[in-house]
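Engineer: Next come the chains, spelled out residue by residue.
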Amino acid sequence: MNSDHHVILRVVSKMLLPVIMMFGFYTQFHGDFGPGGGFQAGIIIAVGVILYALVFGVPAAMRAVPPVFTRSLAAIGVIIFAGVGYWALLQGGNYLEYQALFQEPPGEHHGQHVGILVIEFGVLCGVAGAMLTIFYAFAGRVAEIRDEDW
Amino acid sequence: MTGVLEGDIGMALVNILLLVVLFVVAIAIARLRSLFAIVLLSGIYSLVSATWYVVVDAVDVAFTEAAVGAGMSTVVLLGAMLLTSRTAKPDKKFARLGPLLVVVATGVMLIYATVDLPALGDPNSPVNTGVGLQQMQINWADTGIPNVVTSVLGSYRGFDTLGETTVVFLAGLAVALLLGFGERSLAESIRREDKLPVRGKPSTQPGAKQEDAS
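Residue numbers (this note's numbering), protein chains in the order written: chain A, 1 to 150; chain B, 1 to 214.
Among the hints, erroneous ones may be present.
As the list claims (entries may be wrong) - Simulated restraints, written as ranges between beta carbons of each label pair:
#  : chain 1 : residue 1 : chain 2 : residue 2 : range
1  : B       : G180      : A       : A64       : 16 to 24 Å
2  : A       : F102      : B       : V131      : 26 to 34 Å
3  : A       : Y26       : B       : L133      : 29 to 37 Å
4  : B       : N128      : A       : F29       : 23 to 31 Å
5  : A       : V12       : B       : V131      : 40 to 48 Å
6  : B       : G180      : A       : V7        : 30 to 38 Å
7  : B       : F36       : A       : V19       : 24 to 32 Å
8  : B       : V148      : A       : Y26       : 13 to 21 Å
9  : A       : H113      : B       : G10       : 34 to 42 Å
10 : A       : F102      : B       : G10       : 46 to 54 Å
11 : A       : G83       : B       : A174      : 20 to 28 Å
12 : B       : A88       : A       : H113      : 47 to 55 Å
13 : B       : L100      : A       : V19       : 43 to 51 Å
14 : B       : L83       : A       : M21       : 24 to 32 Å
Stated by the list, open to error - In silico negatives: residues of chain B with every beta carbon more than 12 Å from chain A:
#  : residue
15 : N15
16 : V21
17 : I38
18 : I44
19 : S49
20 : K89
21 : F94
22 : A95
23 : L101
24 : A105
25 : T106
Note that these hints are calculated values from the structure, not bench results. Each residue gets a CB set at the ideal place from its N, CA and C atoms; glycine is no exception.
Start from the sequences, fold in the hints, and give me the full structure.
Structural biologist: Below, the structure written as structure tokens:
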């Protein structure tokens, strides 16, 4: 007799996880055209990892996405965002002036598209990393959650 | 108020229904003592308010509310709740009077303020005629991005968004500095796994069988 009474939860969440991640990236790259953007996408991706941690245990999630990686990811996200500003500075524009990224005249929008895409990626990394760091900080203090505690 | 009565009666009913659900959930949160139920109800509160934001056409806000309010903050509150006790302390009768007075006074002031608010979607309201209208007109020529919310967040207000990202990063950093990085549980599980074969338990899937081990 199998004593694992969370088996339905495990199977269903295993099937849902790729969909959640895919939806996160859809939110990220569709932000130019509809609702969404880096902030929401970062949260959705972080929540996907958190769902994994809730169902399979925090140590399993920490092996898949190590805490070292999440806290570096948060810092790297901010660096990416700020780096776009310095890229514009190096091209002779103002800080975060996307029009200056490829030194375009006012009518062209290539720099705007690339700039917003890159900073949204920075926001995604920063938010997902920071949220996972916060979750690990809270959840990592409780070594084990017994079923009676609920 | 006149806008609700003149407009679509079905939309008004949906609005009223959602706001009543919000009200009931808020009352339930205020009356409950079990922290677990309160955390879950606050998640429901966020989800219902996200639905209501969709009804009033604030899709981006609804998206954020559903992701942050219902998803993330519920999980963080659950994690925080596990570190403390499961029920709130019962408070004294007289200690409730002060907060009640503050809440009633704030409520009366807010209701008084709604009298001067323009109707929902009024094209002549200051929000829709000033900077908002100008931004809608120049956005396509300036940035070539269809979603005005994204272009305002990323391009016009790039500094703000950089500041927000930094704030999120600093929040994560502050929590990690206060509570630690949470690697203790990982180290503990690795140590326990070394012991598992000694107890004669064949663990084929160490990750999946963790919870049943204790």
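Engineer: If any of the earlier hints don't hold here, list their numbers in rising order.
Structural biologist: none
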